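2 protein chains.
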Amino acid sequence: MFESAELGHEIDKDRYDKEEPELRAALLKAQYELVKTDKFPVVIILGGVDGAGKGDTLNLLNAWMDPRHMSTNALRPVGDDLVGRPPMWRFWHALPANGRVAVFVGSWYSRPLIDRVYGEIKTAKLDQHIDEILRLEQMLADEGTLLLKFWLHLSKKAQKKRFKELEEHSSTSWRVNATDWKHLEMYDKFQSTAEHILRATSTAEAPWLVVEGGDERYRNLTIGRAILDSIRRRLDEPAKPRGVRAAARLTPIDDVSVLDRLDLSQTIDKEVYKDELAELQGRLNRLSRHKRFDKLSVVCAFEGSDAAGKGGAIRRVTQALDARKYDVIPIAAPTDEEKARPYLWRFWRNLPERGRMTIYDRSWYERVLVERVEGYCSESDWMRAYGEINDFEAQLVKNKIVVVKYWLQISKDEQLARFKAREATPFKNHKITQEDWRNREKWDDYRTAVNDMVERTSTNEAPWTVIAANDKYLARLSVLRTLVEALDKAL
Amino acid sequence: MFESAELGHEIDKDRYDKEEPELRAALLKAQYELVKTDKFPVVIILGGVDGAGKGDTLNLLNAWMDPRHMSTNALRPVGDDLVGRPPMWRFWHALPANGRVAVFVGSWYSRPLIDRVYGEIKTAKLDQHIDEILRLEQMLADEGTLLLKFWLHLSKKAQKKRFKELEEHSSTSWRVNATDWKHLEMYDKFQSTAEHILRATSTAEAPWLVVEGGDERYRNLTIGRAILDSIRRRLDEPAKPRGVRAAARLTPIDDVSVLDRLDLSQTIDKEVYKDELAELQGRLNRLSRHKRFDKLSVVCAFEGSDAAGKGGAIRRVTQALDARKYDVIPIAAPTDEEKARPYLWRFWRNLPERGRMTIYDRSWYERVLVERVEGYCSESDWMRAYGEINDFEAQLVKNKIVVVKYWLQISKDEQLARFKAREATPFKNHKITQEDWRNREKWDDYRTAVNDMVERTSTNEAPWTVIAANDKYLARLSVLRTLVEALDKAL
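Top to bottom, those sequences are chains A and B. When you read off a place in the first sequence, starting at 1, and then add 342, the result is the number in our numbering. When you read off a place in the second sequence, starting at 1, and then add 342, the result is the number in our numbering.
These are calculated hints, taken from the structure and not from any lab test. Please read these numbers as outputs of a predicted model, since none were measured by experiment. Treat the hints with care, since some could be wrong.
The list treats identical chains as one, so a pair stands whether inside a single copy or across any two.
Below, computed lysine-lysine pairings styled on DSS-like, alpha-carbon distance capped at 30 Å [unchecked claim]:
(1) Lys-667 / Lys-637
(2) Lys-667 / Lys-531
(3) Lys-762 / Lys-667
(4) Lys-503 / Lys-667
(5) Lys-667 / Lys-742
(6) Lys-773 / Lys-360
(7) Lys-681 / Lys-371
Here chain A stands alone, though its shape is the one from the complex:
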């Protein structure tokens, strides 16, 4: 796949001097339109052979476009600052907002490529990384990111020649180092591994664009034009029709679902509750001070019917914990920084460090609950969310983050009683709004959404705990017991 990038492409100076100013002006104009409309974010990945001009291209883009609306990223998916977050955290962290351009010279491709070439991972492991990358890029594309991937190529001969030229002059000799020469010796291994990766990750939404790196003028015009065309096309295309139909889904024809199997009639005596609560909180506290607790982290997601008692249950958990060990993240309206990025971004940004717990009061599941029911996203958007969420949680679990997910269910009658009680109590007043009454009218839609959610996202690694919450004491004990057992198992 590198053949056409070894043809010795060249552009003469006259043509370059003529075309360059026009291209720059057009590129800037497109960038400004992008900034002004905030239509989508652009991610540009620069990969390729050392000496083929990755660094020069990076500088070129910063000179040609307005760097105030761009960021340059050279992250490797490792580092101390992860402090327990999954490797992809650094890339999520660096995702550009709508209207902005992010250039990555070190990207999610760097580590798998290097590790495979150095023989630190086998092809099977590499293919797992490739799968992860494909899912990430698919998600980015679905969320509206324009993803441009350039591979700058040089033949082995051209690479050698380039290094020699750079070394000859004292002013450029610092640009070649021992690693470069070492990698030149491993050229064939690099090329075959790169080819494998590039083939597997060239998709319709984000194909690799292989560019011959030998002639600077050819390289500049080629890359500049490709970026211009892609941004231009996306700016000019009409907004995507929303509500695209997803494939068929199964609905249980006997109308029996997970929620129907719940026994909401159980109750517990208050004195028994008090004793059990204290015992479970004690166990939880001891587990959180376990010497291996610092080797893992915990993510809890609380979802449930309105008025099911999420807040009260969360407080019974935090009461047992040292305040240094947890964060509670309530999910309300997103900030503008969050709105301008894929919906999972706000959850990635709050992932706990090692030895800490993040409790989400409502979570990424809002995508398949309220956003689905209220039609805030299209059917294909929430349908793909199940897979995206499973991928997200799999990355957490793989990285020694214990994932605990609760659905607190109450009956429709119990909800009505609680709504009325809230209206009657001055300091509970704020907990009940017109929105709650409106949501209640969509009870059945939510029920379907919850059943689908549990069915599609209860995995071995991150199972749902569905809790009968008509009796709030029982519900709190279940919440604590589930957490204690999950921690017990993990420690």
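With chain A held as given, fit chain B onto it using these hints.
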């Protein structure tokens, strides 16, 4: 100062049951008004004796107020996740936005208190910490934060009794640990150190409120009422008059200032420039690969007249660096998350990790440049900013962050020529806006602001480099040379 918190305050159940619901309702109402108006942020610090109810108060606040608009923080000013940032970074990170409440149980007071009690620092060092805290809190108050500091007190006898009670029951015994007993033995030392700290940090804007912790009902009502009153008062008070006059300032009566001493007429030959540029870039690159480079970090701030060539100079720096080593942060309009916090917050959040460089294209100095000249903030705001900025940079330098600050100056004629050239070149068009022409009309105001800025913020640790930039080649070489020399010295 703890006498009135050892009187055995108590509230009986009847009175509590009567007053509690009213207080909760009023507190929630105030919180909702705060959320709705986004008027100011609230920081609540809970300090005090172990067993006096810090944890319980934290839970209480989360139960009484709406936790979706609050955060709980228990940060200590140490930790792996600092990766080279100054200790205060964690607190800056956790500062609440307007309209939100942040409760800190571990705060900027924790470390100095503990370190002094354990004899790890002397009183002189403690007093340095106290000075830093006073300046931080002054800045928060000036920026509009409502800061409430509660100290929960127990006499030695009461503390001992409390621990025994907790240990007696298996359901609460986990709440007392070995450290608690150890600290009880050190009670007197803790008390005298705390008294010293509390006295020194009780200011008009943020006095310590000492609360007797023995009786839960007394404690709850006292703290709840104090929070309610403070928030209520701030909500009800009329907006502060802006433009308060600061104290007198000196203006040089001979009208000779730093900028006048610059010789803008120097030039350099292009060929000489090319050679020197390559040499300096080579030196910079080698320094950035120095084995001790990973032990420090670098912050560069670029300021200058419009069209002075900041962008071009920055590119000459980044060209010499591995893209993994730097970030360029352009300072444009703040996001809503940034706008809702003190103006230095956006700079704190982008501080580099160890072994990395953050280049700010425009910086925190905008506060005393454009915000001063355009009247975006009051005179007292920008006058206090000099001190706040010096504090900020001192923290960086103390933490092995090399701070390099550039002012690029061109003449008024040169600026006119560059503006016209920009208008005439299609791909430079975007660089010139009506705003530039408007700023130009305020040339003399900016000149005064720059002179004041250099005079007040050029410190030994973080000096200004004022650069004659009429010749852009010379300017770029100066920029690089300054950076190379600063790194040379630091390494």
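query = 30 Å Cα cut-off: does Lys-667 pair with Lys-637 within a copy, between copies, both or neither?
reply = both (13 Å within a copy, 29 Å between copies)
Homo-oligomer pair classification [Lys-742, Lys-667; C-alpha up to 30 Å] = Classified as both: same-chain Cα gap 16 Å, cross-chain 29 Å, threshold 30 Å.
ask   = When no copy is specified for Lys-667 and Lys-531, does a C-alpha distance of 30 Å or less occur within a copy, between copies, both, or neither?
value = between (46 Å within a copy, 27 Å between copies)
ask   = Between the shortest in-copy and the shortest cross-copy C-alpha distance, which are at most 30 Å for Lys-503 and Lys-667: within, between, both, or neither?
value = Between. Shortest inter-copy distance 27 Å satisfies the 30 Å Cα cut-off; intra-copy 56 Å does not.
inquiry  = Within a copy, between copies, both or neither: which one fits Lys-762 and Lys-667 at a CA-CA cutoff of 30 Å?
reply    = neither (36 Å within a copy, 59 Å between copies)
ask   = How would you label the pair Lys-773, Lys-360 (within, between, both, or neither) given a Cα cut-off of 30 Å?
value = between (66 Å within a copy, 21 Å between copies)
key: Same-copy or cross-copy closeness of Lys-681 to Lys-371 [CA-CA at most 30 Å]   = For Lys-681 and Lys-371, the Cα distance is within 30 Å both inside one copy (25 Å) and across copies (28 Å).
Comparing the model with each numbered hint stated earlier shows that hint 3 is the single one that does not hold.
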